[in-house]
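These protein sequence lines are chains A and B, in that order. Quick note, the first sequence lines up with residues 672 to 1079 if you use the working numbering. Quick note, the second sequence lines up with residues 672 to 1079 if you use the working numbering.
Read the hints as simulated data drawn from the structure, not as lab findings. Quantities reported herein were computed from a predicted structural model and do not represent experimental measurements. Where hints are given, some of them may not hold.
Identical copies carry no separate label here, and so any pair may be met within one copy or between two of them.
[What the hints assert, rightly or not] In silico SDA-like pairs for lysine to any residue, Cα to Cα no more than 20 Å straight-line:
| # | residue 1 | residue 2 |
| --- | --- | --- |
| 1 | Lys1033 | Ser992 |
| 2 | Lys786 | Ser866 |
| 3 | Lys1033 | Ser964 |
| 4 | Lys786 | His869 |
2 protein chains.
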Amino acid sequence: MRIEIVNTGTELLLGHTLNTHGAWLGAEVFKLGQRVARQTCVPDGVAIREVLMEALGRADAVLVTGGLGPTSDDLTREITAEVLGLELVQDATALASLEAFFAIRQRPMASDNLKQVLIPRGAQVLPNANGTAPGVYVAANLAGRPHAAIFLLPGPPRELYPMFLEQVVPRLRSLGGAAEPPELLELKFVGIGESDFHQALDARLAAIPGLEFGYCARIGEVDLRLIGGSAAIQQARALALECFAPQFVSDDGSSLEQTVVRLLGARGWTLATAESCTGGLIANRITNIAGASAVFTHGFVTYSNEAKSGLLGVTAQALASHGAVSEPVARQMAEAALVVSGADLAVAVTGIAGPSGGTADKPVGTAWIAVAQLGEETHAWRVFQPRNRQDFKLGVSQAALDALRRCL
Amino acid sequence: MRIEIVNTGTELLLGHTLNTHGAWLGAEVFKLGQRVARQTCVPDGVAIREVLMEALGRADAVLVTGGLGPTSDDLTREITAEVLGLELVQDATALASLEAFFAIRQRPMASDNLKQVLIPRGAQVLPNANGTAPGVYVAANLAGRPHAAIFLLPGPPRELYPMFLEQVVPRLRSLGGAAEPPELLELKFVGIGESDFHQALDARLAAIPGLEFGYCARIGEVDLRLIGGSAAIQQARALALECFAPQFVSDDGSSLEQTVVRLLGARGWTLATAESCTGGLIANRITNIAGASAVFTHGFVTYSNEAKSGLLGVTAQALASHGAVSEPVARQMAEAALVVSGADLAVAVTGIAGPSGGTADKPVGTAWIAVAQLGEETHAWRVFQPRNRQDFKLGVSQAALDALRRCL
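Using the sequences plus the hints, can you model the full thing?
Rendered as structure tokens:
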């Protein structure tokens, strides 16, 4: 079955809003054993007509997002009816829902909202529990000539996502027959680059029959995507782990921070962080994970030298003779964080994010990471990530979380 | 001039990677006084052919990203030559650059890389200082029949962005003539919803001749986009500020955290943060801004009750009788952060991110924010943001940064 996505919205093409719908719908369609053949963004308004006509002639099903609101630039409903040559009629059930939506909220309904309950004659309403715009399903060939099935869906994610999962998925399933989705496995690795994978694995993976594979490189991370039959995927997984076991993080979509929180929990350990250059990013990533409160207690963001001395007792001598970005300071920070917090494990980072502050000896991008562990020797590493400020912070936080993961 | 974008990449349609290129290129094209008429995503491989043929017939210029790499699924170069009926020839300058790229890095060049220096006969090479794949510029109608100008650009952002700015922009400018870009002004507001704008402003903005406007609602933030002539934009700006002056953050694209750092710097003040539920996010947002080290010194992430008592002296009595998520605890955290750090201003947050931990009295989504200021009374607010964990953290951090902004 050929599925296409059409995302409407001027803001998408002006670059003010990232098109997250395309990616979300693509991943959901894949779970149904199907692929999105093409995704198109068009501005609001009449440009939708051309794109819709083309997609309706080419695809079996077209998912359209946006343009169902009450304002004058919301034209998806009208253009769809026009392209199909179907009259727009008021739907009584949708009207009752819309009136109830406003009544519950004790707000008057503007007359503009009435256009939201117009649907092409013969189409089905997809009720919207989370907003005013009902969706619309037009069955294939309803207009008396060959055309794709069409789903008109609202733009706001909190309306789109439940409507897609509850109302579009069952219809796509019955349109597409009982397609068995191929397996998809994504292996996450840290601390190596995409080119390491190319060299070590490309030829060997390409030799596995029925396997589709690809890489996605992010900062400090490479994801290996495997698609195919179960046996092919297991063979590929074993090959990848044979080459890169120490760098392997997860094959269930778990992020590095999720893995660290899980490993801490499994040991019953607690963690403290002492951050200079990452400025709270490591603590922030850890506390993004539900359950972090069981394993994470204290975070120190010691951005100034005074904070390093005052909160963590970093010595004036270490700061003066080695500088804030140095191995001795990173070690002192980690060891003090361990003692002050009473945690089982502590990680410390200190570095130069830039744009200013670099020297010939310690250029922008330099950082020291230290991990202190109760009753063990403290370890420290130098990393060098000459990137923009936010990518530098992310890269150093990846290296620090990976140091924790290896320690666990 | 009609400009279209074609983004190639299977990962974009599988939903593993967000298409950030489309938005970035859209914003850059707008700065040239042009708009992107359509943006299309296609999987790697032969599907590119169909999309490219259509776009070449419809547009004046087509920007294609991705598929210039050395591997077997990188076919953009080959398909472009085929569609245009042009032979692929090796470019001597590009070959010399490629050899130099590997020589500098002391790495051997794989024979696969050689295909990267093949270009359609008569096309121009766009040198790539940041990677192995040179870009390609095919002038309009080069193939001896009407077709759009084509730019083939590499996928990695660090290669794409400089190549676009340095080599594509001048060519698009000369293709498009001296188009005067309309003015674009984006006003950022916090602490109000999109519907407040609709009610107060929609009709009045619609009455301004020659003005195009739109909203983009994010968590705890609404951006108002104004496009048009200078007079129309100034009139619209005045109207918006008349209604929502206290909520106005910036009209130069500055984020809330940039505004807070700028205001702190202007006063010569320093800031300390004491975070429980936001877990370092506020410190992280502040330290994303270049120059933060001049105004931000100490951050406390007191995730456990022990950390709140141990680092910030929150009293056992306050924790026992009011609970960690309470006004007295937020006040004690902010006041202690001020004293311990010696800063001029301190913000504290404590709340329940969930998914567990909520009660009837204090449901998930509840948070208290306090701001302490040297020599002034401490202020505290309750906020309620029943969202998923990360959106809750973001919403509370928005409210806390906004409290700082108002204080400054």
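Hints and how they fare:
{"no.": "1", "hint": "Lys1033 / Ser992", "result": "within (14 Å within a copy, 50 Å between copies)"}
{"no.": "2", "hint": "Lys786 / Ser866", "result": "between (54 Å within a copy, 17 Å between copies)"}
{"no.": "3", "hint": "Lys1033 / Ser964", "result": "between (36 Å within a copy, 18 Å between copies)"}
{"no.": "4", "hint": "Lys786 / His869", "result": "between (54 Å within a copy, 17 Å between copies)"}
Hint check: no violations occur; every hint is consistent with the structure.
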